[in-house]
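Trainee: Given the coordinates of chain R, work out where chains Z and Y should sit on it, guided by the hints.
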Amino acid sequence: MISIKDVEHVAKLARLELTEEEKVKFSKQLGDVLSYMEQMNEVDTTGVEPMNHPIDFSNVMREDTVICEQTREELMANAPEIEQDYFKVPKIN
Amino acid sequence: MELLKKTAVEIREALLKKEVSAVELTEEMYKRIEQVENKIGAFNSLTKEYALETAKKVDEKIKNKEELPILAGVPLALKDNINFKGYKTTASSKILENFVSPYDATVSIKLRENLIPVIGKTNLDEFAMGSSNENSAFKKVHNPFNLNKVPGGSSGGSAASVSALESYISLGSDTGGSIRLPASFCGISGFKPTYGRVSRYGLIAFASSLDQIGPFGRCVEDVANLYYAIAGYDKKDSTSLNVKVENPLDTLKNDIKGLKVGVIKELLTDDVDEDVKKAVMSAVKVYEKLGCEIKEVSLPLLKHSIGIYYIVATAEASSNLARFDGVRYGYRTKDPQNLMEMYTKTRQEGFGDEVKRRIMLGTYALSSGYYDAYYKKAQQMRRLVKDDFSRVFKEVDLLVSPVCPNTAFDIGSRNDDPIKMYLTDIGTICANLIGSPAMSVPCGFDKDGMPIGLHLLTDVMKDNLLLQAAYNFERETDFNKQFANI
Amino acid sequence: METQSLRDKYEVVIGLEVHAQLKTKSKIFAPDGAEFGHEPNTQTSPITLGMPGVLPVLNKGVVDMAILVGLALNSKIAKRCKFDRKQYFYPDLPKGYQISQYDEPVCIGGEIKISNKTIKITRAHLEEDAGKLVHAGAAGIYGSAYSLVDLNRAGTPLLEIVSEPDMRSSDEAREYMEQLRNNLRYIGVCDGNLEEGSMRCDANISIRPKGQKEFGTRAEIKNVNSFRALQRAIEFEIDRQIDLVENGEEVVQETRLWDDNKGITSSMRGKEDAHDYRYFPEPDLMPLEIDDEWIERVRKTMPELPKAKVERYMNLGLSEYDANVIVNQMDWALFYDEVVKADINPKVASNFLTGEIAAYLKEEKITIDESKLTVENFVKLLKLLEKGTLSNNIAKTLVVELLKTGEDVEEVVEKRGLSVMNDDSAILAVIQKVLNENKSQVELYKSGKDKLFGFFVGQVMKETKGRANPKTLNDLLKKELEK
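Residue numbers (the working numbering), protein chains in the order written: chain R, 1 to 93; chain Z, 94 to 579; chain Y, 580 to 1062.
In isolation and in its complexed conformation, chain R is listed as follows:
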């Protein structure tokens, strides 16, 4: 179990509105999953380099050149709300 308060905190960080039912359900399910994962603590990982990529290599870069392939209209065609060539969002505060 993780507490409802923790669930609410995490939901806020993730910008998810949850129903009361969902909060209860997630507090149990997340708790179960997390305690399942705690099996990992059997293994000592002191000093082990975390593995961020399945295959290690480095220095993948492109040259500093400009490529502009698409028009504003194409790129903004999926926007929920537009005003004067801007994306429109509701008031922030």
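Worth flagging that the hints you see were computed from the coordinates, not collected in a lab. All C-beta atoms, glycine included, are put in the ideal place defined by N, C-alpha and C. Be aware that one or more of the hints could be misleading.
Stated by the list, open to error - Which chain Z residues face chain Y? A few, computed with CB under 10 Å, are given here:
#1 V129
#2 A184
#3 F417
#4 L459
#5 K469
#6 Q472
What the hints assert, rightly or not - DEER-style ranges, computed between Cβ atoms:
#7 Y:V954 with Z:R205: 49 to 59 Å
#8 Y:D750 with R:A77: 46 to 56 Å
#9 Z:K141 with R:E20: 23 to 33 Å
#10 Y:A724 with R:A77: 49 to 59 Å
#11 R:E20 with Z:N191: 51 to 61 Å
#12 Z:Y326 with R:D32: 36 to 46 Å
#13 Z:K141 with Y:K879: 53 to 63 Å
#14 Y:A724 with Z:N191: 20 to 30 Å
#15 Y:A724 with Z:D446: 44 to 54 Å
#16 Y:A724 with Z:E121: 49 to 59 Å
#17 Y:D870 with Z:D480: 26 to 36 Å
#18 Y:K639 with Z:D480: 26 to 36 Å
#19 Z:K574 with R:V66: 49 to 59 Å
#20 R:C68 with Y:V954: 28 to 38 Å
Mentor: Frame of chain R, contents of chains Z and Y only:
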């Protein structure tokens, strides 16, 4: 019907001999889809205009006796989390229900270049999160071998479409088994290449360090050809491997005498269904007969792979899905009063249950105070698992196991127990954690006639050896020639 | 009076975090253009908009610039570093995370020398900029009915340069900023324009009783858009914190916004959530490994740095003050370097630049590049002066004309007959004329009123419109008066 059951290799022959035109073939495909799709639910949308236009080009080339790419004219189904310019790409999520791709994924460009008629976008678990395809926001996919059973996930639509003769070949994506599990459940071949072999550019990200696009087909040769068509370095994907891809067909049909085959002890425990175990052991016998050296190997850290996977995958997913905020594209809640409400309601209404669960889990694992205990720990464990495999790969060339401890289960039977659902992936997950190529080939049926898949895995970069081993097995058996009756 | 004595009780501790926009052609992780001043949302791409499925690829030019900055600041360049995701939701941040460098920055350590001390640099790391918001119906966020998002700026490369808390006054902070800006501008990586936001600064400020070792609680001040604002904001903040402490209250660790109109900082508390950025390594990007060969390749492109330039100018005979005045205006320094190259007396050139030219530019509020004065024309003018063809006074008047009109100085001198009269007989004729017309003054001079000498010089200069060779005039005048 016989035309529909052909492999892509056979279709090419038929096209070149002019037994059928590419346009006729594509039209046949759409007829079949019309007949069975209401039972299967494999497609989210069809791309008829593009498919027919491409088929026409192929016929034109055949008429002019021009050179033809190997899969030209063979109808293909594309997983609906891969961007295909000008058509909808939804990831089976309400949040992208009306999203029309403004750009092509790199694999989509390759499909166009190869004159492959993309016939439609296939259903999946929302954002590829699931093992049963029950998590689509639109509809469930049904297993062609038994409509009451799941097709496996998350590329359930791609697998079911090939299995139900609604396409000849298809593309899926595999983050923890999302190609191999549905291939196994639907009785076809599915291949997850080495991480970085196929560009991820344009694949809607679930877990960036685990995702890989790969092919489905009715035979290993089709899978090998489709893999070769889409593989290769892509400068738009920083994680793509800058290594030349050799044509797998160069070695595919060579024998595998002397190949060292390891049977993974931890994946053949009593938790595995009897029929599955039997089928896998018979497969091992086949390899023995082919002149391989068989050896039992142990991977003691394997049991932790699910824990590692669900932390790494959900952490990355929670971040990758932050862009779905209702600002630039996609669903936005009605009349939000302020920004916060727009975010929280858009995401509440736009995401399904499993997606929210994983976002919550991943956010938790990365949040202040928990990072070291969960995310960092998991990435450290991941390295230990990789070391474990490296040790084993000094002794053997190929690892075999069941794809899944069981065959396809009933729709609705595992919905409320996430852990049990996650355990379905135990055999497949490690390939994603370590970046290895892995595949599922049909190796039998259980007592209810449901297909069983054999899981094959090699060290990274040995994709062609893996395909060769799969081809040799397939040549000795006929499991891939048994079709579902719909 | 009271304020000053209170100020004396406390020591001020300031550290600065400076965001410098790097002047690459394309963005840090996407190939769309990174220029300013385009129509909203035209400098974008699927990558910049964070479309589903897109991936970042690092711009090599950005890394080259970061290395150059590191070398200029005496930093250690990391042999290996990586990128991380910093996660938060805001409409100007398309992906819901900013790609940044959390625990492995590209530059480690470093320093900037100001007048009488060295300010240490902690680190400099690369990250992507956010877009811009336009708030409808209000001057800022608060009270606006809705907001509009322009993502042209999103993905522009930034180098965040973090100083140690080594500064002890707003003057030091200002000087640090000026020096840093000069460095960035001279090496050509940043425009360094605070007003336009190509260089942005957050100030961490705290106070502690003199002699105390521990730092006080700091406040982070944002929205400082000019050097003047930086100083004013720091001064305000010092007084505010002293006031709190003197009244037995505590300074709260928080972010405060500087309001340039009201001249105050105010808390953002309650208007922003407590941040939990959930940093983790960016899985879509591979790590960066910078070897010595790469660093040396970049070092070869390093231009002369401002400190070295000041020293060089002083060796040319300029005062430290003048050298700094010129170096602090990069366009002046570039102009000056060209002039000096033409074998012109550096001191004379400097006097013109910091004198007449500076005054004119200030008056007209333009830069030297915007004026009509070319290096070539200025060099011609100074050569004429050096040869004695022009008098100093005429040259000074003339340079202002050249700034305005851009006419060729030789043609102007020729056309208007401005060259110095070196003809003795001609000058003598004028002298005799002046003495004839001022007989009474000549008498007075001869009776001992020496000061009248200057009067006669002035009269002759007036007659010759300042063109008489001063030395010749002096000699001849003396002789005539002694007759």
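Trainee: Which of the stated hints cannot be reconciled with the structure, identified by number in ascending sequence?
Mentor: 1, 9, 10, 11, 15
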